[in-house]
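Hey, can you work out the whole structure from these sequences and the hints?
Chains as they are written, first to last, in numbering that gives the first Met the number 0: chain D, 0 to 416; chain S, 0 to 170.
Treat the hints with care, since some could be wrong.
Listed below are the simulated DSS-like cross-link pairs for lysine-lysine, each with C-alpha atoms no more than 25 angstroms apart in a straight line [stated by the list, open to error]:
| id | chain 1 | residue 1 | chain 2 | residue 2 |
| --- | --- | --- | --- | --- |
| 1 | S | Lys160 | D | Lys291 |
| 2 | D | Lys321 | S | Lys160 |
| 3 | D | Lys259 | D | Lys376 |
| 4 | D | Lys291 | S | Lys29 |
| 5 | D | Lys162 | S | Lys13 |
| 6 | D | Lys162 | S | Lys42 |
It is worth saying that the hints were derived from the structure and are not from the lab.
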Amino acid sequence: MSTRTLEEPVRSRILSALEDQDTTVTLDPLENKMVLNMGPQHPATHGVLRLLVRLDGETVTGCVPELGYLHRGYEKIAENSTYHEFIPHTDRLDYLSPLANNVGYVLAVEKLLGLEVPERAQYIRVLCCEMARIASHLVAAGTMAMDVGALTVLLWTFREREKLMDIYDVLTGARFTTSYTRIGGLAQDWTPPATEMLKTFLGEFERDLAEVEQLLYANRIFVDRCENVGLISPQEAVSLGMTGPILRGCGIARDLRKDKPYLVYPDLDFDVITYPEGDALARFYVRMEETKQSARILRQALDKMPAGPIHANETKRVLPRKERIYTRMEELIHDFMLINLGVDPPVGEVYQAIESSKGELGFFLVSDGTANPWRLKIRTPSTANLGALPVMVKGGMISDIVVVIGSIDPVMGEADK
Amino acid sequence: MTTNGQQKRPQIRKKDLSLWQLSYIPEIIKGMFLTFKQILRPKFTRQYPEEHWTPPSSYRGRPVLVEEDGVERCVACGLCARVCPALAIEVQASETEELAKERYPERFEINMLRCIFCGFCEEACPEEAIVMSNEYELVFSNQEDAIFGKEKLLMTTEQLKERLEFLKESR
Ligand code: SF4
Ligand code: SF4
Numbered sequence: 000m001s002t003r004t005l006e007e008p009v010r011s012r013i014l015s016a017l018e019d020q021d022t023t024v025t026l027d028p029l030e031n032k033m034v035l036n037m038g039p040q041h042p043a044t045h046g047v048l049r050l051l052v053r054l055d056g057e058t059v060t061g062c063v064p065e066l067g068y069l070h071r072g073y074e075k076i077a078e079n080s081t082y083h084e085f086i087p088h089t090d091r092l093d094y095l096s097p098l099a100n101n102v103g104y105v106l107a108v109e110k111l112l113g114l115e116v117p118e119r120a121q122y123i124r125v126l127c128c129e130m131a132r133i134a135s136h137l138v139a140a141g142t143m144a145m146d147v148g149a150l151t152v153l154l155w156t157f158r159e160r161e162k163l164m165d166i167y168d169v170l171t172g173a174r175f176t177t178s179y180t181r182i183g184g185l186a187q188d189w190t191p192p193a194t195e196m197l198k199t200f201l202g203e204f205e206r207d208l209a210e211v212e213q214l215l216y217a218n219r220i221f222v223d224r225c226e227n228v229g230l231i232s233p234q235e236a237v238s239l240g241m242t243g244p245i246l247r248g249c250g251i252a253r254d255l256r257k258d259k260p261y262l263v264y265p266d267l268d269f270d271v272i273t274y275p276e277g278d279a280l281a282r283f284y285v286r287m288e289e290t291k292q293s294a295r296i297l298r299q300a301l302d303k304m305p306a307g308p309i310h311a312n313e314t315k316r317v318l319p320r321k322e323r324i325y326t327r328m329e330e331l332i333h334d335f336m337l338i339n340l341g342v343d344p345p346v347g348e349v350y351q352a353i354e355s356s357k358g359e360l361g362f363f364l365v366s367d368g369t370a371n372p373w374r375l376k377i378r379t380p381s382t383a384n385l386g387a388l389p390v391m392v393k394g395g396m397i398s399d400i401v402v403v404i405g406s407i408d409p410v411m412g413e414a415d416k
Numbered sequence: 000m001t002t003n004g005q006q007k008r009p010q011i012r013k014k015d016l017s018l019w020q021l022s023y024i025p026e027i028i029k030g031m032f033l034t035f036k037q038i039l040r041p042k043f044t045r046q047y048p049e050e051h052w053t054p055p056s057s058y059r060g061r062p063v064l065v066e067e068d069g070v071e072r073c074v075a076c077g078l079c080a081r082v083c084p085a086l087a088i089e090v091q092a093s094e095t096e097e098l099a100k101e102r103y104p105e106r107f108e109i110n111m112l113r114c115i116f117c118g119f120c121e122e123a124c125p126e127e128a129i130v131m132s133n134e135y136e137l138v139f140s141n142q143e144d145a146i147f148g149k150e151k152l153l154m155t156t157e158q159l160k161e162r163l164e165f166l167k168e169s170r
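This is the structure we're talking about:
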């Protein structure tokens, strides 16, 4: 029913119901403007993102992303759980790269405690981060291609991701809820079967990725849909606090693995991928090239990984080895103390960020000396990157919103926390 | 932060496409060729549930209690209940004269609707009394059924052999 046939009071009631503090709906004599709700259940919003879009015909004149549909209060939960207990919750932040979140969180806790894990554990953590990056980028590339109509690519990238999931299974015991890292170490050691599986994966990966490239790169439909869509200038990107592939897709070579090195990244050789154009196509290329760099890191890390322990030698802060718990009194007491009372961090605050697949994933911990964090702030890249969505879609077509969301690659579990 | 000190990387934009490529024809042919090539590849999917999946020994299935010589190993210390991030475990301790141990769990319940299969209980247990089995098929028709008591949780060391060996090696 057209609003023109409605009586004036009814009509203004409808208009005011559509309005909120961010969007104003003005009466338009030509009736060609409208406010549209996109999401939270729209398949292209990659989760539960709601967009309030103001349209003039098919042109987007304004957009307000509304976050929070997947809010689970993780920062508050952290205040009521010990540092150890919070590890499984980090799986569920960015659910496309749980292993990287695990690593980021324990790095922050270890920084607070002043712990340093042995080199082998650091290499395993690098392997974890890079496997997570490949898996996440594969999903991002696949879903973005699906959003512009190339469904085949999604199935192919998911097949590749599935191989990584199988490695997670052998390594951590779960495909997705990995909970693999521990404060001062890892749940269990890297195993030879995992090495074999990863080598097989790496052997085929580039060949299989090339098929995706052949399908998309010179494809006119794909190029037409993505080129000059969701443009953002480097200045805007920086001032909006964007990180990750989006920022690198604007030509800014910001990568925490190089700029603020953690783990053993300084010993590994890789390039930071940048593309200067700042549109959706550039972001797609950044992701595709980054997976290759990650594969390069994985190969090096597999070669360089030394033998040795995977736990920091600090009996009062790191959970003791099981056989010692079964046989020795001292370790048994430590086990009881650590589980019941938690670690005893010094009073203070730390910030530790890693370059996750989406950008800068930071954990800011404030400790009051008790076993629970006094405050845990999670700086998630998806939240910041979604802030740029209104800038990117403004002036574009409504169908381009889907492409832009795909190119931002938000994960709502992480954006809403 | 540096602005693009990188070498130029390959990228195909609209201006790079030739007239022939712009006509869609080569892309359709190439796409069809690649797609049909997939038919010759080995199948990647599994016909579950006809074809069952056997998890590796590192797999964390549902947590179970280890039964040895007809009794559970658990001494009801409550560490697993303490460490459980999902608050899924309830242990009620009692004392006994008959067994080799002094304490045993009179009641031991895991709410399988709460459990997130993190494996922390297994890691914390000082007696290797609770371990993650390889069972992953959990179906309940109501909430009460999802609370597993001792009768559903106990598993003999024979059944759990693989996992116990894995734990011995890796933890
Ligand atoms: S299962 Fe282990 S940790 Fe849990 S109460 Fe029994 S002995 Fe303690
Ligand atoms: S696996 Fe985790 S959630 Fe499940 S009972 Fe054990 S500690 Fe609790």
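We went through each hint and held it up to the structure:
no.: 1; hint: S/Lys160 x D/Lys291; verdict: violated, 40 angstroms
no.: 2; hint: D/Lys321 x S/Lys160; verdict: holds, 17 angstroms
no.: 3; hint: D/Lys259 x D/Lys376; verdict: holds, 19 angstroms
no.: 4; hint: D/Lys291 x S/Lys29; verdict: holds, 23 angstroms
no.: 5; hint: D/Lys162 x S/Lys13; verdict: violated, 34 angstroms
no.: 6; hint: D/Lys162 x S/Lys42; verdict: holds, 13 angstroms
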